[in-house]
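**Student:** Sequence:
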Amino acid sequence: MFKVVNASDTSRAIAFELWKNAPMPMVSFTKTLDVTRLVRLSRQQGLKFNMLMCWCICKAASGIKEFYLLPANGGLLQYDSLAVNVIVANKNGGINNCDIPFDDDFEKFAKDYQALTECVASDCKDITDESRNIIGTSAMTATELDSITNMWSGKYANPMLLWGKYRRNFFNVTLPVSLQFHHVQIDGAEAAQFLENLQAEINRLKV
196 MFKVVNASDT SRAIAFELWK NAPMPMVSFT KTLDVTRLVR LSRQQGLKFN MLMCWCICKA
256 ASGIKEFYLL PANGGLLQYD SLAVNVIVAN KNGGINNCDI PFDDDFEKFA KDYQALTECV
316 ASDCKDITDE SRNIIGTSAM TATELDSITN MWSGKYANPM LLWGKYRRNF FNVTLPVSLQ
376 FHHVQIDGAE AAQFLENLQA EINRLKV
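Residues 196 to 402 in the working numbering are what the sequence shown spells out, letter by letter.
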């Protein structure tokens, strides 16, 4: 669930005053991750690479308090849990959104991911979860991409990670990832720490 909080009572008080009216408040960081472990787990365990990435993203964000805040309607919302949004190709050739609740239990998350994305693909209807703060993702795996800069619509202030096709090298597999975040919610230090956390979670994931 979430509650409306007074920005001046949070660690984002200064950032809120600086960036709340910015015409373009989103910041983009790009980092190349080593995803060798995820590719191996995907192949050995028959698990979807995207699902593994999404769990690591939520796990990395779960220890950073700023990821539970969201600028909305001129104020700040504070959530007590997270979810990840994925774009699902549906049976009619279109796409739908699917919000998957984060669970620290990897097996529970994997089952939810499978069930919810299959439901969206079949029913061609979005599944949204307004009770949790959403981390957006978008995987464009038709080509390798160096970086992605998303548009700012003025509607969605949620952090978002975007990537293309991973790259096989001689000894490892790499993936450039773009992180976009609202400056009211997150400063560069927290964004950098999140990306470090993400690499660490990828390196230590066991299934």
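Check the hints yourself; a few may be wrong.
What the hints assert, rightly or not - Below, in silico cross-link-like pairs of lysine-lysine (BS3-like), each with a Cα-Cα straight-line distance of 25 Å or less:
no.	residue 1	residue 2
1	198	226
2	401	306
3	303	215
4	260	303
5	360	401
6	350	260
7	226	360
In short, the hints are calculated from the structure, not lab data.
All values derive from a computational prediction rather than experimental measurement.
**Student:** Given the hint that residue 360 pairs with residue 401, test it: the Cα-Cα distance must not exceed 25 Å.
**Tutor:** holds, 23 Å
**Student:** What's the verdict on residue 303 and residue 215, does the C-alpha distance respect the 25 Å limit or exceed it?
**Tutor:** Status violated; Cα separation ~37 Å.
**Student:** Can you confirm whether the C-alpha distance between residue 260 and residue 303 stays at or below 25 Å?
**Tutor:** holds, 23 Å
**Student:** Do the alpha carbons of residue 226 and residue 360 lie within 25 Å of each other, as the hint requires?
**Tutor:** Status holds; Cα separation ~14 Å.
**Student:** Quickly compare the C-alpha distance for residue 401 and residue 306 to 25 Å and report which way the hint goes.
**Tutor:** Between residue 401 and residue 306 the Cα gap is close to 16 Å, so the pair holds against 25 Å.
**Student:** Measure nothing beyond the straight line between the CA atoms of residue 198 and residue 226; if it is 25 Å or shorter, mark the hint as holding.
**Tutor:** Given that 25 Å is the threshold and the Cα spacing comes to 32 Å, the pair is violated.
**Student:** Take a quick look at whether residue 350 and residue 260 sit within 25 Å of each other, Cα to Cα.
**Tutor:** Satisfied, since the Cα-Cα distance of roughly 22 Å is no more than 25 Å.
Checked against the numbered hints above, the structure violates hints 1 and 3; every other hint is satisfied.
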